[in-house]
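Novice: Sequence:
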Amino acid sequence: MPQMSPILWLNMLFFFTMGLLLFAMLNYFISKPSLKGEAPLKMQLSQKNWKW
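Be aware that the sequence shown starts at 0, since it is given in numbering that gives the first Met the number 0, and climbs by one per residue.
Quick caveat, the hints were computed from the structure, so don't treat them as lab data. A few of these clues could be false.
As the list claims (entries may be wrong) - Estimated spans, in silico, between C-beta atoms of each pair:
#1 Met24 with Gln46: 40 to 48 angstroms
#2 Leu9 with Lys41: 52 to 60 angstroms
#3 Met3 with Met42: 56 to 64 angstroms
#4 Pro5 with Ile29: 30 to 38 angstroms
#5 Lys31 with Met11: 44 to 52 angstroms
Even for Gly, the Cβ is constructed at its ideal location relative to N, Cα and C.
I would like the entire structure built from these sequences, with the hints used as guidance.
Specialist: If you want it as structure tokens, here you go:
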């Protein structure tokens with residue numbers, strides 16, 4: 000690996016950690032919430048009779 004100055008290593012480390020943090024936060028906020036074993040809410044359909 001070519002030699003890098005310490006400030007470039009710190010720059011690379013900074014952007015790597017920021018990218019990793021951003022990836023983790025986006026994964027957390029975009030993913031679907033877990034239902035924790037609860038049954039999903041059932042939708043009730045009320046049908047009306049439109050015959051005359």
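Novice: Is the distance from the Cβ of lysine 31 to the Cβ of methionine 11 consistent with 44 to 52 angstroms?
Specialist: violated (34 angstroms)
Novice: Indicate whether the distance between the beta carbons of leucine 9 and lysine 41 respects the range 52 to 60 angstroms.
Specialist: The hinted range 52 to 60 angstroms holds for leucine 9 and lysine 41, with Cβ atoms some 55 angstroms apart.
Novice: Between proline 5 and isoleucine 29, does the C-beta distance stay in 30 to 38 angstroms?
Specialist: Holds, since proline 5 and isoleucine 29 (Cβ atoms, about 36 angstroms apart) stay within the stated range.
Novice: Range first: 40 to 48 angstroms. Now tell me if the beta carbons of methionine 24 and glutamine 46 are that far apart.
Specialist: holds (44 angstroms)
Novice: Does the hinted range 56 to 64 angstroms hold for methionine 3 and methionine 42 at CB?
Specialist: Once the Cβ atoms are compared, 59 angstroms apart, the range 56 to 64 angstroms for methionine 42 and methionine 3 holds.
Hint check: a violation occurs at hint 5 only; the rest are consistent with the structure.
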